[in-house]
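If you want the building blocks of each chain, they are given just below.
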Amino acid sequence: MKNLLSMEHLTKEEILHIIARAAAFEKGEAAQLNRTYNVANLFFEPSTRTKTSFEMAERRVGCEVIPFDAGFSSALKGETMYDTVKTLEMIGIDAVIIRAKEDEYYNELLEGIECAVINAGDGAGQHPSQCLLDLYTIYKEFGHFEGLNITIVGDITHSRVAKSNANALTRLGANVRFLCPAEWAGDFEAAHSWEDVLEDSDVIMLLRIQHERHAVSKNFSKDGYHEEFGLTAAREKRMKQGAIIMHPAPINRDVEIADELVECERSRIFSQVRNGVFARMAILETILKERA
Amino acid sequence: MKNLLSMEHLTKEEILHIIARAAAFEKGEAAQLNRTYNVANLFFEPSTRTKTSFEMAERRVGCEVIPFDAGFSSALKGETMYDTVKTLEMIGIDAVIIRAKEDEYYNELLEGIECAVINAGDGAGQHPSQCLLDLYTIYKEFGHFEGLNITIVGDITHSRVAKSNANALTRLGANVRFLCPAEWAGDFEAAHSWEDVLEDSDVIMLLRIQHERHAVSKNFSKDGYHEEFGLTAAREKRMKQGAIIMHPAPINRDVEIADELVECERSRIFSQVRNGVFARMAILETILKERA
Amino acid sequence: MKNLLSMEHLTKEEILHIIARAAAFEKGEAAQLNRTYNVANLFFEPSTRTKTSFEMAERRVGCEVIPFDAGFSSALKGETMYDTVKTLEMIGIDAVIIRAKEDEYYNELLEGIECAVINAGDGAGQHPSQCLLDLYTIYKEFGHFEGLNITIVGDITHSRVAKSNANALTRLGANVRFLCPAEWAGDFEAAHSWEDVLEDSDVIMLLRIQHERHAVSKNFSKDGYHEEFGLTAAREKRMKQGAIIMHPAPINRDVEIADELVECERSRIFSQVRNGVFARMAILETILKERA
Chain A
1 MKNLLSMEHL
11 TKEEILHIIA
21 RAAAFEKGEA
31 AQLNRTYNVA
41 NLFFEPSTRT
51 KTSFEMAERR
61 VGCEVIPFDA
71 GFSSALKGET
81 MYDTVKTLEM
91 IGIDAVIIRA
101 KEDEYYNELL
111 EGIECAVINA
121 GDGAGQHPSQ
131 CLLDLYTIYK
141 EFGHFEGLNI
151 TIVGDITHSR
161 VAKSNANALT
171 RLGANVRFLC
181 PAEWAGDFEA
191 AHSWEDVLED
201 SDVIMLLRIQ
211 HERHAVSKNF
221 SKDGYHEEFG
231 LTAAREKRMK
241 QGAIIMHPAP
251 INRDVEIADE
261 LVECERSRIF
271 SQVRNGVFAR
281 MAILETILKE
291 RA
Chain B
1 MKNLLSMEHL
11 TKEEILHIIA
21 RAAAFEKGEA
31 AQLNRTYNVA
41 NLFFEPSTRT
51 KTSFEMAERR
61 VGCEVIPFDA
71 GFSSALKGET
81 MYDTVKTLEM
91 IGIDAVIIRA
101 KEDEYYNELL
111 EGIECAVINA
121 GDGAGQHPSQ
131 CLLDLYTIYK
141 EFGHFEGLNI
151 TIVGDITHSR
161 VAKSNANALT
171 RLGANVRFLC
181 PAEWAGDFEA
191 AHSWEDVLED
201 SDVIMLLRIQ
211 HERHAVSKNF
221 SKDGYHEEFG
231 LTAAREKRMK
241 QGAIIMHPAP
251 INRDVEIADE
261 LVECERSRIF
271 SQVRNGVFAR
281 MAILETILKE
291 RA
Chain C
1 MKNLLSMEHL
11 TKEEILHIIA
21 RAAAFEKGEA
31 AQLNRTYNVA
41 NLFFEPSTRT
51 KTSFEMAERR
61 VGCEVIPFDA
71 GFSSALKGET
81 MYDTVKTLEM
91 IGIDAVIIRA
101 KEDEYYNELL
111 EGIECAVINA
121 GDGAGQHPSQ
131 CLLDLYTIYK
141 EFGHFEGLNI
151 TIVGDITHSR
161 VAKSNANALT
171 RLGANVRFLC
181 PAEWAGDFEA
191 AHSWEDVLED
201 SDVIMLLRIQ
211 HERHAVSKNF
221 SKDGYHEEFG
231 LTAAREKRMK
241 QGAIIMHPAP
251 INRDVEIADE
261 LVECERSRIF
271 SQVRNGVFAR
281 MAILETILKE
291 RA
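Protein chains in written order, with my numbering: chain A, 1 to 292; chain B, 1 to 292; chain C, 1 to 292.
Worth double-checking, as some hints may not be accurate.
Below, in silico cross-link-like pairs of lysine-lysine (DSS-like), each with a Cα-Cα straight-line distance of 30 Å or less [as the list claims (entries may be wrong)]:
no.	chain 1	residue 1	chain 2	residue 2
1	B	K2	B	K289
2	A	K222	B	K101
3	A	K289	C	K27
4	C	K12	C	K240
5	A	K101	B	K77
6	B	K140	B	K27
7	C	K101	A	K77
8	B	K77	A	K77
9	C	K222	C	K240
10	B	K101	B	K12
11	A	K77	C	K77
Sample of chain A residues facing chain B (criterion: CB under 7 Å; computed from the structure) [said to hold, decoys possible]:
no.	residue
12	R49
13	S267
14	F270
15	V273
16	V277
So, partial list: chain B residues that the calculated Cβ filter (under 10 Å) puts toward chain C [unchecked claim]:
no.	residue
17	F43
18	A57
19	R60
20	P67
21	F270
Since the hints were derived computationally from the structure, they do not count as laboratory data. All residues carry an ideal CB built from backbone N, CA and C; glycine is no exception.
Using the sequences and the hints, build the whole thing.
This is how it looks when you write it as structure tokens:
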């Protein structure tokens, strides 16, 4: 693996390898890297958990992290992404972790760049490290993917998480379904009522209502969304035994999920964050090991 | 000590312990910590000295500092302080150092959060690490607190420093007095003329006129404030032998204090900054030692 | 060398020493420093390559880097540069690396400041670390400076790079010429046509059109500038054998230089970035070695 750009590029074997290494790191194993690698985190959009998670994972696998302030860089002077990354490569950076608002910004990095590129979210495109931590979370819970009913709820067409996860989970044998207001389904086939998916789901994966990308639907207030598509306390009671709740966060409490459910027994929302460090250590090790 | 939120929570013994450890660190002693702790600095308001002082202290006690860019975090997406801190905890952070503009923002962190919380300033509330470095500075100078006349000058009602210091110094036996324009006294009993406090003060502690919080009084221009309530060269000459001048900084030169006095013999303004690193090392050690 | 403020302050011997140490670092030699020095990077203007290059160089010579967020510091509260730097000195910082928009901002740091000051760009003034990496790049290529024809092309009067380089290269024996639109020459004697300089130049050093400082000339569109003063593919073919192309970057592709030439055989544009880390290691070592 030279880069991690999109889940579509990963084979099933590569996915399972990363899950296995994440599990090993969680058990306390050290990264198998022969030297100190230099990395830089280029976050052109706000982020708390993805950025700090990478910062922690980078240190835990022994990287040197060179600070890069995306909001105060030469990108402001109109420098291209290629020139920015090539510059970092010449400075001695081995891998860049990038979040940017342009879909597939990484296409201009496919030729001429030697340093590894890890996509930490591209516009409404992919978010592969989030996907891999979600897969690791599901795997830890059930030990397999085959036959699991996994329901993704929310604004599917604008969600990086939905696309990355649907692709990978389907390939791993899970049965992925969507639930959302009709107007948000786009080209996806989706249920429009909890009744169709609530009681047989093994995993309910809630997506964030992205206020900063587009308003809650014209047809829904926040309260209205919660009532019709949110996970309420009454709905949680009807969930299957052993079923879990996931959310990539940040959460809009009482919109996607009732405030009181955020840390309930079924919730893996904060566990996902914890698992994210191990998944990202696995990603970094896998990619950096291939370098001299 | 699990957290450091407000001086009111510290016993006299805890205060004296931190002063003693600060003194030990200044003499070159190493921190008594058994492992590397992970910390993050969440500064939601601009800061130079408090933030860089913590950054330095954290490294000197052997912490790993995970960068957190408050101005570019998911707080922008409306994430609650609880969810932000819980996320950092799950990522593996042992202690967060927080500055925020809401008074007592930390109240929502009292339940459910395991990681330690160190308050680096809450709105117009408290600023306990500044207070502890001020106490250390006074202790180094006089060797005791009992009976010292300490005059705090400036916008008392809006000052975190004034509140934290008045509480602690009074408990330690000092005689704390205030000097300010009548309209800024609030509920405090205060002198309104230097004549009442100038010649018998052991410590004159100037507060910053906070342009960014509220303008200099309607009744005072900057020059007018300096003339009536600033420490001028003429006033400095009338100070008691051995008396010292303190200021938490940043300074407005020629407003709170005459430019020529900033580094005069009585001034401990830059020494306070130096002492701050030792005081914060003591705070970090005291809090982190209690963790596994 | 206590500070590095302007190329004019460096003797020829000091320049050659830094070039020699840069070469040694490039060959893998370690820095000759006896302790860990603390440094802080104060960038009050956006920067990618200078800032990350210093961050890397600092780590490679074994420094501890204390983060400083210039865009979120007490400078926003009106703190003077002197007070900011003095504060960092009291916190334990040994050297500050500063970029600021004021010409010769460092004049207020010449007295009373003990920590070393390295100028990483002052307004339209100097940019000595860029100059030293340029000199190192030229020296690596030709092994000497005497008699080289070096042509600097672009907005000379507003360029820190032009001023720093012209001064130093002339002292080192090179023959420095300028090429620019008549209205940009200021007090410099400059050619206004490529015909006068293209074929006998050993080094063509392109300057960035600084959109953020002033617009492309009223008399030139971007395309017009490229046609008349840009390095086009046709012009590159007429360059002398062994001649090289340099540019401090960030590049405006197809303005100063044709897109296809950026990584051509003659181009040292990305090599300059690589050399910058070694030059800055040499600067840091030279300055820090003189401290206790």
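Status of the hints after comparison with the structure:
1. With a CA separation close to 9 Å, the supplied pair B/K2 and B/K289 stays within the 30 Å bound.
2. About 27 Å separates the Cα atoms of A/K222 and B/K101, which keeps this hinted pair within 30 Å; it holds.
3. Distance restraint check for A/K289 and C/K27: the Cα-Cα separation of roughly 25 Å lies within the 30 Å cut-off, and the hinted pair is therefore satisfied.
4. Restraint check for C/K12 and C/K240: satisfied, since their Cα atoms lie roughly 28 Å apart, inside the 30 Å limit.
5. In summary, the hint linking A/K101 to B/K77 is supported, as the alpha carbons are separated by about 15 Å, within the 30 Å threshold.
6. For the hint linking B/K140 to B/K27, the alpha-carbon distance of about 12 Å falls within 30 Å, and the restraint holds.
7. With a C-alpha separation of about 15 Å, the suggested pairing of C/K101 with A/K77 holds against the 30 Å cut-off.
8. A distance of roughly 26 Å separates the Cα atoms of B/K77 and A/K77; the hinted pair therefore holds under the 30 Å criterion.
9. Pair hint C/K222 plus C/K240 holds up; C-alpha atoms about 27 Å apart against a cutoff of 30 Å.
10. Taking the CA atoms of B/K101 and B/K12, the gap is near 28 Å; set against the 30 Å cutoff, the hint holds.
11. With a C-alpha separation of about 26 Å, the suggested pairing of A/K77 with C/K77 holds against the 30 Å cut-off.
12. Below 7 Å, beta-carbon pairs count as interface contacts, and A/R49 has one with chain B at about 5 Å; its hint therefore holds.
13. The closest approach between the C-beta of A/S267 and any C-beta of chain B is roughly 12 Å, which is over the 7 Å cut-off, so the hint fails.
14. Contact between A/F270 and chain B, as hinted, is supported at the beta carbon level, the nearest pair being about 5 Å apart and thus within 7 Å.
15. With its C-beta approaching chain B no nearer than about 4 Å, A/V273 sits inside the 7 Å limit, and its interface hint holds.
16. Checking A/V277 against chain B by beta carbon gives a least distance of about 6 Å; that is within 7 Å, so the hint holds.
17. Restraint check, B/F43 versus chain C: the minimum CB separation of about 7 Å is within 10 Å; hint holds.
18. With 10 Å as the threshold, the beta carbon of B/A57 comes within range of chain C, its nearest partner Cβ sitting at about 9 Å, so the hint holds.
19. Proximity of B/R60 to chain C holds as hinted, the smallest CB-CB distance being about 8 Å (cut-off 10 Å).
20. Restraint check, B/P67 versus chain C: the minimum CB separation of about 7 Å is within 10 Å; hint holds.
21. A cut of 10 Å between beta carbons decides the hint on B/F270: the least distance to chain C is about 5 Å, and the hint holds.
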